[in-house]
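Protein sequence lines correspond, in order, to chains G and S.
Going by UniProt numbering, the first residue of the first sequence is number 1, and it counts up by one from there.
Going by UniProt numbering, the first residue of the second sequence is number 1, and it counts up by one from there.
Hints are not guaranteed to be accurate.
Identical copies go unnamed one by one, so any copy, or any two together, can satisfy a pair.
List of simulated lysine-lysine pairs, PhoX-like, C-alpha gap at most 25 Å [what the hints assert, rightly or not]: (1) 169 - 181; (2) 148 - 133; (3) 125 - 104; (4) 126 - 52; (5) 52 - 104; (6) 52 - 105; (7) 117 - 214; (8) 81 - 148; (9) 105 - 181; (10) 169 - 52; (11) 133 - 117; (12) 148 - 62; (13) 181 - 125; (14) 142 - 62.
Hints listed in this document are in silico derivations from the structure and should not be mistaken for laboratory results.
Protein chains: 2
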Amino acid sequence: MADEVILLDHAYSPPAVRVRIALKEKGIAFESKQEDFSNKSSLLLEMNPVHKQIPVLIHNGKPICESLIIVGYIDEVWNEKSPLLPTDPHDRAHSKFWADYIDKKIYTLGRAVWTAKGETHAAAKKDLISSLKILEAELGDKPYFGGKTFGITDIALIPYYSWFYTLEKFGNLEMNEECPKLVAWGERCMQRESVSTTLHNQYETYDFILELRKKLGVE
Amino acid sequence: MADEVILLDHAYSPPAVRVRIALKEKGIAFESKQEDFSNKSSLLLEMNPVHKQIPVLIHNGKPICESLIIVGYIDEVWNEKSPLLPTDPHDRAHSKFWADYIDKKIYTLGRAVWTAKGETHAAAKKDLISSLKILEAELGDKPYFGGKTFGITDIALIPYYSWFYTLEKFGNLEMNEECPKLVAWGERCMQRESVSTTLHNQYETYDFILELRKKLGVE
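Bound-form chain G, shown alone:
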């Protein structure tokens, strides 16, 4: 019997984008079910009763939650193609460290840049640039974070590449000046079919954020 793979999904959600890219890297066919955040499906509430958040991967009826845990699961289950984590334990821990760093920093700080005002906005912008520069230093002159191979750290960060224009507009900054190597890395990732067929372009993302700000009542 073929695997049944369902993703509780949202087009613009960075964590959901990670899972879609991982599945495509592995060549896994899956059904994407778009969730409406203002009216969550009974399936989502049943499959992730603790956090009630997407993404949830439902593999043969069993749910897996939290995007980086899902990416690790995908790598373990479909382990014959396109490894997403290194095999050496130290290299694995190193990749997980950076994916975790991205998880803790970029979403929250990025969101504050396009929602907050005044001192909160200024502090978030400063922290975001600092965090991106730390990531730029970790990338260095390597093609991908893990070296020659596209992997979990790239997957953790690449959804935010489509937010760069939004961050530039609301942060009044130039990504090419702040983090030229990250911009080049983003362009390199976009040459992969798994990424280019998943990410919205930066202007579409900006339009989505403009609409979202209106819904959230951010002026």
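Chain S: place on chain G using the hints.
What follows is chain S alone, placed relative to chain G:
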């Protein structure tokens, strides 16, 4: 050549306690170097320049940071004894989910219970009890979170067992009434040498927190 295993450590740090328990479960000899948070060592700043936080495991000169990543690393490197994660990918993802849940909830909410005042304190207490009850439901009638085997979810939570008396005092609550199964689970874990030789007792922890509150200027 024998492995050189050094832990940049602190006696009362829940994340550091996790790592010590994992090393003891595996029977790994290690050197614990206590860190002074007000005067961090040059070794800590060199080994964890990003977060500058303990615990850091230094294995044959190479650092691994973030407690749950370290526990995963220990399980992968010393894989012949006392598995800390299940082998089945879905069970592994399930264990990681709950360890991550503990990581995101218990430290922050617990700290707010012994530092915050007024509405912030009341909200943290309510959220903490709710989170502990969710964990109690997940544990159910199993001896350990993963079933019969002591594993990463137990390791993630057990440091907080020594904080239960502190939470009772500052939260004005009775753990035995709120979460009797978690209390019984904590007592069960304390029968393991890896745990009983690592955790401070609950009154020592309370005294430590009283001192820490003074240092932090919390009245």
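Have a look at residue 125 and residue 104 and pick one of within, between, both or neither, based on CA distance no larger than 25 Å.
both (15 Å within a copy, 24 Å between copies)
Can you give me the call for residue 169 and residue 181, within, between, both or neither, at a CA distance of at most 25 Å?
This pair counts as within: shortest intra-copy Cα distance 20 Å, inter-copy 52 Å.
Is it within, between, both, or neither for residue 169 and residue 52, if the alpha carbons may be no more than 25 Å apart?
neither (31 Å within a copy, 32 Å between copies)
How would you label the pair residue 117, residue 214 (within, between, both, or neither) given a Cα cut-off of 25 Å?
within (15 Å within a copy, 34 Å between copies)
Intra- versus inter-copy proximity for residue 148 and residue 81 (alpha-carbon distance at most 25 Å)
within (16 Å within a copy, 34 Å between copies)
With 25 Å as the alpha-carbon cut-off, assign the pair residue 181 and residue 125 to within, between, both or neither.
within (19 Å within a copy, 45 Å between copies)
For residue 126 and residue 52, with the copy left unspecified, which applies at a CA distance of at most 25 Å: within, between, both, or neither?
Between. Shortest inter-copy distance 19 Å satisfies the 25 Å Cα cut-off; intra-copy 31 Å does not.
Please sort residue 148 with residue 62 into within, between, both or neither, judging by C-alpha distance up to 25 Å.
between (33 Å within a copy, 21 Å between copies)
Please work out whether the CA atoms of residue 133 and residue 117 approach to 25 Å or closer within one copy, between two copies, in both situations, or in neither?
Classified as within: same-chain Cα gap 23 Å, cross-chain 37 Å, threshold 25 Å.
Under a CA distance limit of 25 Å, which applies to residue 52 and residue 105: within one copy, between copies, both, or neither?
both (21 Å within a copy, 15 Å between copies)
Cα distance capped at 25 Å. Does residue 142 pair with residue 62 within a copy, between copies, both, or neither?
Between copies, since 20 Å is at most 25 Å while 37 Å is not.
Can you give me the call for residue 105 and residue 181, within, between, both or neither, at a CA distance of at most 25 Å?
within (19 Å within a copy, 35 Å between copies)
In summary, the one numbered hint that this structure violates is 10.
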